[in-house]
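The chain contents come next:
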Amino acid sequence: MSEKSKDILLDVRHLQVYFPIRRGLMKKIVGHVHAVEDVSFSVRRKEVFALVGESGCGKSTTGSAILRLIEPTGGQVYFNGDDLSALSEEEMRLKRRDMQFIFQNPYSSLNPRMNVWKLLSEPLKVHFQLPPEELRARVENMLQLIGMTPDQLERYPHQFSGGQKQRISIARALITHPSFVVADEPVSALDVSIQAQILNLMMELQQEMELSLIFISHDLNVVRHISNSVGVMYLGSIMEMGDTEEVYRHPAHPYTQALLSAVPSHDPTHKQRHIVLEGDVPNPAAPPSGCPFHTRCGRCTGECKERKPELKEIAPNHYAACHHAGEA
Amino acid sequence: MENLLEIKNLKITTLRGKNTVRLLDKVDLNVKKKCSFGVVGESGCGKSITANAILGLLPYPLRVSEGSIRYDSKDGERELLRLNKKEMRQVRGQEISMIFQEPMTSLDPIFTVEMQMFEALSFHHPHMGKAEMRERALEMLRRVNIPRPEQTLSSYAHQLSGGQLQRIMIAIALINDPRLLLADEPTTALDVTIQAQILKLMNDLKEQNDTSIIMITHDLGVIAETCEEVAVFYAGQIVEQASVVELFSHTAHPYTLGLLRAVTSLGGESRKLYTIPGIVPPGGQWSQGCRFADRCEKCMDRCRREMPGLTEAAPGHLCRCFLHSGEVEA
Numbered sequence: 001m002s003e004k005s006k007d008i009l010l011d012v013r014h015l016q017v018y019f020p021i022r023r024g025l026m027k028k029i030v031g032h033v034h035a036v037e038d039v040s041f042s043v044r045r046k047e048v049f050a051l052v053g054e055s056g057c058g059k060s061t062t063g064s065a066i067l068r069l070i071e072p073t074g075g076q077v078y079f080n081g082d083d084l085s086a087l088s089e090e091e092m093r094l095k096r097r098d099m100q101f102i103f104q105n106p107y108s109s110l111n112p113r114m115n116v117w118k119l120l121s122e123p124l125k126v127h128f129q130l131p132p133e134e135l136r137a138r139v140e141n142m143l144q145l146i147g148m149t150p151d152q153l154e155r156y157p158h159q160f161s162g163g164q165k166q167r168i169s170i171a172r173a174l175i176t177h178p179s180f181v182v183a184d185e186p187v188s189a190l191d192v193s194i195q196a197q198i199l200n201l202m203m204e205l206q207q208e209m210e211l212s213l214i215f216i217s218h219d220l221n222v223v224r225h226i227s228n229s230v231g232v233m234y235l236g237s238i239m240e241m242g243d244t245e246e247v248y249r250h251p252a253h254p255y256t257q258a259l260l261s262a263v264p265s266h267d268p269t270h271k272q273r274h275i276v277l278e279g280d281v282p283n284p285a286a287p288p289s290g291c292p293f294h295t296r297c298g299r300c301t302g303e304c305k306e307r308k309p310e311l312k313e314i315a316p317n318h319y320a321a322c323h324h325a326g327e328a
Numbered sequence: 001m002e003n004l005l006e007i008k009n010l011k012i013t014t015l016r017g018k019n020t021v022r023l024l025d026k027v028d029l030n031v032k033k034k035c036s037f038g039v040v041g042e043s044g045c046g047k048s049i050t051a052n053a054i055l056g057l058l059p060y061p062l063r064v065s066e067g068s069i070r071y072d073s074k075d076g077e078r079e080l081l082r083l084n085k086k087e088m089r090q091v092r093g094q095e096i097s098m099i100f101q102e103p104m105t106s107l108d109p110i111f112t113v114e115m116q117m118f119e120a121l122s123f124h125h126p127h128m129g130k131a132e133m134r135e136r137a138l139e140m141l142r143r144v145n146i147p148r149p150e151q152t153l154s155s156y157a158h159q160l161s162g163g164q165l166q167r168i169m170i171a172i173a174l175i176n177d178p179r180l181l182l183a184d185e186p187t188t189a190l191d192v193t194i195q196a197q198i199l200k201l202m203n204d205l206k207e208q209n210d211t212s213i214i215m216i217t218h219d220l221g222v223i224a225e226t227c228e229e230v231a232v233f234y235a236g237q238i239v240e241q242a243s244v245v246e247l248f249s250h251t252a253h254p255y256t257l258g259l260l261r262a263v264t265s266l267g268g269e270s271r272k273l274y275t276i277p278g279i280v281p282p283g284g285q286w287s288q289g290c291r292f293a294d295r296c297e298k299c300m301d302r303c304r305r306e307m308p309g310l311t312e313a314a315p316g317h318l319c320r321c322f323l324h325s326g327e328v329e330a
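Top to bottom, those sequences are chains A and B.
First residue of the first sequence? That's 1 in this note's numbering, and the numbers climb one at a time after it.
First residue of the second sequence? That's 1 in this note's numbering, and the numbers climb one at a time after it.
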């Protein structure tokens with residue numbers, strides 16, 4: 001193994017997720033929703049990789065398919081060199097000790113009938129046989145890490161605010177000490193002032209526990225702040241990928257450019273010019289031919305309608321899937 | 001009347017068991033004609049119930065316990081809180097319209113877009129014919145940039161995307177040429193590229209129709225882009241109010257400063273984000289003094305004892321903070 005590939009914790013190759021559309025009495029399959037189409041990327045150890053895009057672009061499906069919460073239709077996911085798609089259900093369940101998921105909505109992802117103690121000790125009971133004292137010690141230790149106190153162990157989710165609930169979700173995911181976590185929009189259900197608290201907590205824990213993180217979000221400011229690398233998704237494909245700062249400073253793909261320019265600025269005296277995209281995202285059950293973005297792109301040419309552009313390296317560690325990337 | 005809408009001393013309460021709980025406290029708001037007025041705050045601070053109170057849409061057990069809402073209607077000045085149900089229905093849609101946060105749930109799933117647009121029209125124009133209504137509906141859809149308006153008219157809500165639905169909501173809200181549009185988080189459920197389309201559309205329509213807009217949002221970026229005047233709500237009160245440029249360039253209240261720092265430190269040099277400690281105190285748990293005192297970096301003894309008034313920090317710039325009331329030497 002070379003030095004570089006040793007550093008890679010997760011390698012996603014040609015991941016594909018299609019959902020069948022069934023119609024009629026016999027539930028005949030009449031088509032497929034192309035949720036994720038040939039997505040490849042890799043995540044290094046201790047790296048935060050962000051997947052960013054608008055709703056329906058397949059970013060959450062990609063996250064779920066990596067952990068096989070949704071079975072991928074094609075492609076491979078290598079974790080620590082092991083092909084996850086070749087594992088049985090039971091083997092995969094054991095693997096999840098090391099790979100966890102943080103859900104978007106803490107209001108619905110915590111069981112309302114379990115108190116904090118049950119919520120936090122359950123993952124440990126499933127994955128480890130621990131003596132009671134150690135179980136207690138680990139739960140209390142985790143509570144401290146997320147800034148809560150042991151006297152809150154007996155409380156139920158409805159007794160906490162949204163921010164505290166998300167802290168509990170994070171604790172539940174991290175209590176087995178995974179090396180890899182998928183966080184699916186962990187702060188988008190929270191208010192601005194609470195969002196910052198949770199983001200700080202996640203960054204602290206990521207450093208402290210040396211986590212690799214896939215951070216899924218539609219919020220471009222948050223992604224810029226938290227991630228080292230970013231993949232911009234549109235209609236199931238990665239359009240642009242690279243070091244976060246590089247992609248934000250020199251966006252090469254017309255979609256990334258439009259996306260970045262659409263973020264409202266906080267300075268009323270300096271109104272930036274928006275690139276306002278026409279129309280809507282095409283139907284993923286009938287994706288357009290060629291480049292998925294060509295129906296809304298201002299730089300579309302005949303080639304774009306026919307041939308789907310591959311991700312190509314346009315600068316060191318900066319990839320874009322556009323026939324015109326790099327042109328003036 | 002000089003202003004289009006004047007809210008004075010508005011108080012809203014709810015019942016929790018047998019106790020009356022205050023949700024909104026002595027809010028004064030003036031919206032000028034042809035103005036876009038922003039209301040910004042976090043969840044539970046009272047911004048949405050203020051809008052609902054204007055149109056008499058407060059759900060039981062919420063009610064207006066005090067105050068007045070005067071509106072300069074097409075046929076003279078009216079006190080909206082004194083209207084009966086029938087009079088209020090004449091105001092809704094015709095004088096004041098509202099668009100809601102979730103376009104996916106605000107249209108009725110079992111009626112076509114056409115039927116819902118006709119309903120809004122025929123209610124205020126009972127003698128309008130089918131052909132004329134159809135003409136008007138198509139014109140509105142074209143104005144909100146709906147592609148293929150004829151086809152859209154016969155569609156149901158589930159056949160359309162979120163951005164299209166929000167355009168249709170705007171088209172329905174504007175179909176009777178109201179003079180005031182209440183927009184309650186109109187783009188929160190939408191993606192950024194669609195948000196940019198909708199905000200541009202609302203700005204264009206405001207210019208064309210001389211409609212005033214009250215834009216309710218938690219996103220300071222949306223305010224900076226679209227509004228002329230802003231009021232910042234915190235725990236059922238206005239804590240700061242000024243023109244947009246003034247508010248963003250000479251932010252006075254520690255809460256507004258904190259909100260701005262929390263969002264603008266994103267992408268900044270430091271990895272650590274600025275945070276406001278603690279949470280917004282919910283209704284019923286408000287202290288006697290300044291409601292932001294427990295989370296404020298600059299909290300003084302006095303702040304816990306007395307409530308600061310909304311005073312002028314600079315001409316036209318109101319702020320509820322002892323630091324800016326002119327009484328304290330810093």
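Errors might be hidden in some of the hints.
[To be verified] According to the in silico footprint, chain B covers these stretches of chain A (three or more CB under 8 Å from chain B):
| id | region |
| --- | --- |
| 1 | 22 to 36 |
| 2 | 211 to 222 |
| 3 | 277 to 285 |
[Claimed, not checked] Chain B is faced by these chain A residues, among others (derived, beta-carbon under 10 Å):
| id | residue |
| --- | --- |
| 4 | 54 |
| 5 | 55 |
| 6 | 56 |
| 7 | 164 |
| 8 | 192 |
| 9 | 226 |
| 10 | 258 |
| 11 | 266 |
| 12 | 297 |
| 13 | 300 |
| 14 | 301 |
| 15 | 302 |
If you're looking for bench data, these hints aren't it; they were derived computationally from the structure.
Cβ atoms here follow ideal geometry from the backbone N, Cα and C, with glycine treated the same way.
So, going through the hints one by one against the coordinates:
With 0 residues having a Cβ less than 8 Å from any Cβ of chain B, the region 22 to 36 of chain A misses the three-residue criterion, and the hint is violated. Chain B is given as covering the region 211 to 222 of chain A, and this holds because 4 residues of the stretch bring a CB closer than 8 Å to a CB of that chain, at least three being needed. Counting residues of the region 277 to 285 of chain A whose CB lies closer than 8 Å to any CB of chain B gives 4, which reaches the minimum of 3, so the coverage claim holds. The closest approach between the C-beta of residue 54 of chain A and any C-beta of chain B is roughly 4 Å, which is under the 10 Å cut-off, so the hint is satisfied.
The beta carbon of residue 55 of chain A comes within 6 Å of a beta carbon in chain B, closer than 10 Å, and the hint placing it at the interface holds. Proximity of residue 56 of chain A to chain B holds as hinted, the smallest CB-CB distance being about 9 Å (cut-off 10 Å). The criterion of a C-beta within 10 Å of any C-beta in chain B is met by residue 164 of chain A, whose closest approach is roughly 8 Å, and the hint holds. Interface hint status for residue 192 of chain A: upheld, as the beta-carbon distance to the closest one in chain B is roughly 6 Å, under 10 Å.
Given the 10 Å rule on beta carbons, the hint for residue 226 of chain A holds: about 9 Å separates it from the nearest Cβ of chain B. A hinted interface residue such as residue 258 of chain A counts as satisfied when its beta carbon comes closer than 10 Å to some beta carbon of chain B; here the least separation is about 6 Å, so the hint holds. Interface hint at residue 266 of chain A: satisfied, since its Cβ lies 5 Å from the closest Cβ of chain B, which is below the 10 Å cut-off. For residue 297 of chain A, the suggested interface contact is broken, since its CB lies about 12 Å from the closest CB of chain B, more than 10 Å.
Here the hint on residue 300 of chain A is broken, as its CB sits about 16 Å from the closest CB of chain B, past 10 Å. Nearest Cβ of chain B to the Cβ of residue 301 of chain A: about 21 Å, over the 10 Å cut. The hint is violated. Against a cut-off of 10 Å between C-beta atoms, the interface hint on residue 302 of chain A is violated, since the closest Cβ of chain B lies about 23 Å away.
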